[in-house]
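J.: Spelled out, the chains give:
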Amino acid sequence: MAKRTQAKRKTAAKRRTTRSAAARPAAKRTAARKAAGKTAARRATGRGRGTTGRTAARKRSGASGAKLMGRLAVEQKVPVDATRLLTQDHREVASLFDQFKMLEDADEKQALALKICLLLKVHAQIEEELLYPAARGMLDDEDLVDEAEVEHGSAKSLIAQIEKMAPEDELYDAKVSVLGEYVRHHVREEESELFPALRESGLDMMELGGELAARRVELLARLTGKA
Amino acid sequence: MAFNPLRERGIPLEKQFRNWSELNVKPYDKETVHPYSRCRGIVMNGIEVEAVMFSHTMARHTADPKIKQQLALVRRAEAQQQKAINWLIPGDESTLEVTIGYEQVAVDLTAWVAQHEPDAYLKQVYEFGLLEDFDHLYRYANLMALIESDKKAEKIVGGLTEIMPGRPTIFEHRDPRDEIRRPMTALAADPQSILNALTVMAAEQQTMNFYMTIGNRPQEMLARGLYAEIAEIEEQHVSHYESILDPTASWLTNLVMHEYNECWLYWSFMEQEPDKRVKALYELHLNMEIEHLRIACEMMRQIENRDPEEMLPKALEEPLLFQENKAYLRKVLAEQVDLTSSESEFMPVSDLPADHRYFDYQGVVNKGGVPSEQVIEQARSELGEEYRLQTEGGHPVPGLKREKNRDGASTEYANRMAA
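So the sequence lines, in the order shown, correspond to chains A and B. Under numbering that gives the first Met the number 0, think of the first position of the first sequence as 0, with each following residue one higher. Under numbering that gives the first Met the number 0, think of the first position of the second sequence as 0, with each following residue one higher.
Since the hints were derived computationally from the structure, they do not count as laboratory data. By construction, the Cβ of each residue, glycine as well, lies at the ideal position given by its N, Cα and C atoms. Check the hints yourself; a few may be wrong.
[Said to hold, decoys possible] Cross-link-like lysine-lysine pairs, in silico, DSS-like; alpha carbons within 30 angstroms at most: (1) B:400 <-> B:325; (2) B:150 <-> B:82; (3) B:29 <-> B:278; (4) B:150 <-> B:25; (5) A:114 <-> B:67; (6) A:155 <-> A:114; (7) B:65 <-> A:120; (8) B:150 <-> B:400; (9) A:114 <-> B:65; (10) B:330 <-> B:122; (11) B:313 <-> B:278; (12) A:120 <-> B:67.
[As the list claims (entries may be wrong)] To give a feel for the contact side, a few chain A residues facing chain B, derived at Cβ under 10 angstroms: (13) 76; (14) 79; (15) 83; (16) 84; (17) 203.
Sequences and hints are given; from them, build the entire structure.
T.: Quick look at the structure:
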């Protein structure tokens, strides 16, 4: 166990060095975003989460319908804490896995499995794009983030396989079931270690929650074609 | 006299819940209750209903489960407050008696607000609505003279509010698009303007809810018709008043302002209430609201990273008072009875072009008989003359005097509709 941790640390250290150029701007960006967020909130005086530096940049580069929709949908809502938003996502997908076990009809199984895959892809993408870079900027020990990213990798390859399969195929149910196990493990680690560490780090969870929620609406709109 | 609810300590939320017997308060005695005491209870019931419904709507726009739980906790306390206040009304007070109370509220509450509104446009908004509710009081008082002749409207209002025609209800029915007013901006608005708007909006909304619910309780078709007609105007008034609020204010800004408004009103009414038992209830609720406000402010700090004190006044200086407004009403009647509205502007009805949508809407809803006119015609034929309570002399508008004193005078509305 000790050996494994050591090995992991080493890899993590190596990755940090190779990526340090990218990691630093990420940290800076987080700080800048926090500052921008505060000014925007003050300026907005009651207009919900202000336009952050990041979303403003996106907007300048030409907001697509989906992006605009995501931003508007979230600005009309009460701001949400980032970890509580992601925890809700976890609960939602866990209940879908439970439902899957009870299904027998092949078409219904496939529809539900595809829905699970869609939600997990969106969830993984918003974590990778927004949560993990922010976490790397704020946490001294990045092992937790490294582990989470590796876990996403294995889940994604299973998702890709399931999406190509038909429910009659051999191992279809088994693959969905294993995906459920992956997710359960990932959820436990994030909720018991990464999220508490982030909450203590001083990261602005409401600001990040708004960005996660907006990006999620945007991705869902794109992937389902309902922009 | 200044009061700053942010500097007071309230009752901790976990100690606010009451048991069923505490909520099932002893009602007032309808024979001895002060008319304005009845009015204050009606206002606070409307305010608490709005608090509960606002919180439910906010919860529907909240993804965060912890914030939802916090809203649910405070909302349950508000729901209990609504019960305690509304259960002050005794079972032997008839629906129509309560209705007269609702219209006295609409008159004297709106009159106070209009006279204490810093913004000229908003003052016009209140005076416009005031004359319409004033007319409803007259129509319902005539209904009472017809179907509950053992009761007297002047006793319910205690002679504190006159009962005579305002802007005739028949002419109040306008195209819905012409009820949307100019919104104030939270940044520029005086805090008193926000409190005024939240208060009158909640009161009108409760009046709408009340008429739309109990309007089908009478057996007489005329009474059912009158309730239906006036309930529609109350819906129109909710559109009118809600449209002056800043539509860009965030959910949390709205939540803080709702709680602040409740503090202001309980503080105001606690000071004036002569019934010791009711006064104690208002004091208790004020202490609860101080805590609700503190929680809402804390939520704003945590969630929006904003300091609520930046948008709230340093202190509340003036309490909202229920008092006679007879002279003021007569003045507004004399000057504004012939006003109508188009989009967000107010103008004399004689300025409307002949093809204005106002006339189209009038043609649709008033075709085939208008209950608010029928009730007066029936009172004249059955009672000799219609019911009025004019304590300060003849009607200030010649065309709205009793028929025998009119000398052929008419109103611009009547002329215009005849044309």
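J.: Now tell me if each hint is right for this structure.
T.: A quick look at each hint next to the structure:
1. B:400 <-> B:325: 16 angstroms, holds
2. B:150 <-> B:82: 27 angstroms, holds
3. B:29 <-> B:278: 17 angstroms, holds
4. B:150 <-> B:25: 23 angstroms, holds
5. A:114 <-> B:67: It holds: about 27 angstroms lies between the C-alpha atoms, which stays within 30 angstroms.
6. A:155 <-> A:114: Judged against 30 angstroms, a Cα distance of about 14 angstroms means the pair holds.
7. B:65 <-> A:120: Since the Cα atoms of residue 65 of chain B and residue 120 of chain A sit roughly 26 angstroms apart, the hinted pair holds (cutoff 30 angstroms).
8. B:150 <-> B:400: 24 angstroms, holds
9. A:114 <-> B:65: With Cα atoms ~27 angstroms apart, residue 114 of chain A and residue 65 of chain B stay inside 30 angstroms; holds.
10. B:330 <-> B:122: 14 angstroms, holds
11. B:313 <-> B:278: 25 angstroms, holds
12. A:120 <-> B:67: 27 angstroms, holds
13. 76: It holds, given that the least Cβ distance between residue 76 of chain A and chain B is near 5 angstroms, below 10 angstroms.
14. 79: 4 angstroms, holds
15. 83: Interface hint status for residue 83 of chain A: holds (5 angstroms vs cutoff 10 angstroms).
16. 84: With a closest approach of 6 angstroms, the residue 84 of chain A hint holds.
17. 203: Holds: closest Cβ of chain B sits about 7 angstroms from residue 203 of chain A, inside 10 angstroms.
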